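Number of protein chains: 2
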Amino acid sequence: MAPNDRDAAEESLDHLRAEIDRIDRALVELLAERRRVVGRVAEHKRRQGLPVYHPAREEDLISRRRDQARAAGLDPDLVEDVFRRIVRASRVVQAKGFRAPGVRQGARVLVVGGRGAMGTRVVGWFSAAGYPTEVLERDEWARAAQKARGADLAVLAVPIRATAEVAARLAPHLPEGCVMCDLASLKVDPVRAMLEAHPGPVLGLHPMFGPTTQSLDKQVVVATPARFPERSEWVLEQLSAWGAVVVRSTPEEHDEIMGVVQALRHFATFVFGRFLSRAGVDLDRTLEVSSPIYRLELGMVGRLFAQDPELYADIMLATPERRRLLRRFLDEAADTARFLNEDGREELIREFRRVAEWFGPFGDQAIRESSYLIEKLVERF
Amino acid sequence: MAPNDRDAAEESLDHLRAEIDRIDRALVELLAERRRVVGRVAEHKRRQGLPVYHPAREEDLISRRRDQARAAGLDPDLVEDVFRRIVRASRVVQAKGFRAPGVRQGARVLVVGGRGAMGTRVVGWFSAAGYPTEVLERDEWARAAQKARGADLAVLAVPIRATAEVAARLAPHLPEGCVMCDLASLKVDPVRAMLEAHPGPVLGLHPMFGPTTQSLDKQVVVATPARFPERSEWVLEQLSAWGAVVVRSTPEEHDEIMGVVQALRHFATFVFGRFLSRAGVDLDRTLEVSSPIYRLELGMVGRLFAQDPELYADIMLATPERRRLLRRFLDEAADTARFLNEDGREELIREFRRVAEWFGPFGDQAIRESSYLIEKLVERF
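Protein chains in written order, with this note's numbering: chain L, 2 to 382; chain C, 2 to 382.
Since the hints were made in silico from the structure, they are not lab data.
Be aware that one or more of the hints could be misleading.
Since the list can't tell identical chains apart, any single copy or any two copies may satisfy a pair.
[Said to hold, decoys possible] Calculated pairs, SDA-like style, for lysine to any residue (alpha carbon to alpha carbon, straight line, at most 20 Å):
hint, residue 1, residue 2
1, Lys46, Leu62
2, Lys46, Val104
3, Lys219, Asp68
4, Lys219, Arg232
5, Lys219, Ile294
6, Lys46, Asp22
7, Lys219, Glu289
8, Lys219, Tyr373
9, Lys219, Asp22
10, Lys219, Val94
11, Lys219, Arg139
Since we're looking at a predicted model, the values are computed, not measured.
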């Protein structure tokens, strides 16, 4: 190619890129305009007491944009992805707009440990919704009576080991009608301790997310109402109004399921990560030759070890039942050694098929979900 | 609220929603316009032989849109997410535009097993790039000489167990200068078999993705060039031109790392999934009370079992070294039982910290990546 041709070509590519930049600027301007209209919608919904999340409207909006995309020769999946992201942002904007009123206006909230990581979140939710909210910290027991006066809800945002002691110490200061509620990741013992300490309504809550989670939107909270459930119902309604998914359970069922969902999962990950570190694996080289899915799986392992060892030891070793479950896991793992023998292949395949059957339709769903995420991962990192 | 007030309110909400719909239509129109300009860029790049992926231009584009978002009071993360998605789509459009010329125009490609799942992909890539491409299937050996005539690249897209036999059977028909290449997930044995069968250039390839992956964009391919590497270089260049990340290795290093990346990982997942199915876990209830991160992790397990048991048994049990590695994993897992004793907590915490140190900065990165994905998961499902 002659130098002049190259110049002409570069000029023209520059021209096309300038076109793209113009379009991109216009896109951001439209997003900003949309944001302003959504702000007015939020204002409106707040005044009328309408809910933020309107699933039918969202699905309708997205399906019409998909149709438009198809007609314009655009990939409808691209347009759907873009609008899901935009719609989510608009939900967050609207939820932020929902500062008042809470579902039980004027209720007084006391958060014990309200300056800890999770406590700070709880204080943020309730005070943003207009509830008069007090904080009681470890060194403030002298002011407990004053802070607890007239409380309608007392949230114990304290380490699980401290729950019983804090419940006992706080209870004498609470009005009898006050709901006492904890946030610990076990429910049998903490709920029992609260029932013993406080004669009024008792509610166990387990938020299935950490304090770094920004929005309650679609996050799961397991609730185990224990005494006078009708009097703690407004707390659950309030969580739902903030976008959380409230799943009701009993303390016993909760603790059993969490043995698997938390203890066993973390322990299996711990065992795997520990082996990697001991097997002399070259982590960097491994990541280099890894497909996105392995990167993601290894990321799940790395994620565990980036967190607080004490907290995770507590979760794994919480109760004798949990330790028994983990021991059984190790026993059954040892049992798979026979699949590694020369003649183990057929049995491994049979066992693989049996487990696949147990997973049922979840397997295909998992493929769909994880394929979607891998695409996101490739896109971003 | 009086009925009339409600009517007025509804009317006004309808009006705001109509505003949003107008903006959304305009957004899709702009996306369609952008798509057309990107098509012209692709055309242009193709004529000039310029690469599709221009990382600096992409990062610059996104950082300018972030700045614009900030100035307009919009969340820059929202704008970045939207543009990452758009830019990826535009890369795919450009890559599709790259039908010709391949980096070595006119080279003749023969794909053995070219109607299998992976073979079909390979045929698709090469023929779309304008390479004359032939397929040789199991029942077509009578026509092997004719199909192999003048071939510059012979790709063995056959099950790993068949590689040696197919290489031996094909070799006599190939020109001596033809590159023989396989796609198996092990490299030592297949590469040795190809070296023995064919006196010309030999190249081991291991695409780190399955046949369902749509685009080569950012996908990893491990390459182990074995004989006359300079003569198979164009194949690797071609893969890079299609957007793949080519990582060079030796057959020995490859097989060792894959022992961990594939065999160990799948086996650990197998052991975990098997235990869930045997422990009487209620899968549906478990999913109901699960945080998005557990759903994601459980999805990784379900994903394994939704795939072909024979293929995964082959990967796990491929070589005596692999079986030894998996046995060692089980032994070290059994060893963690002592952390479950009454006095095991301190040692578990020490061990947790030691592994965290081994993971080093990858842990924080994993938190960032997985938090991003959880957000995507919450958004979509």
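*Out of the numbered hints, which ones does the structure contradict?*
3, 4, 9 and 11
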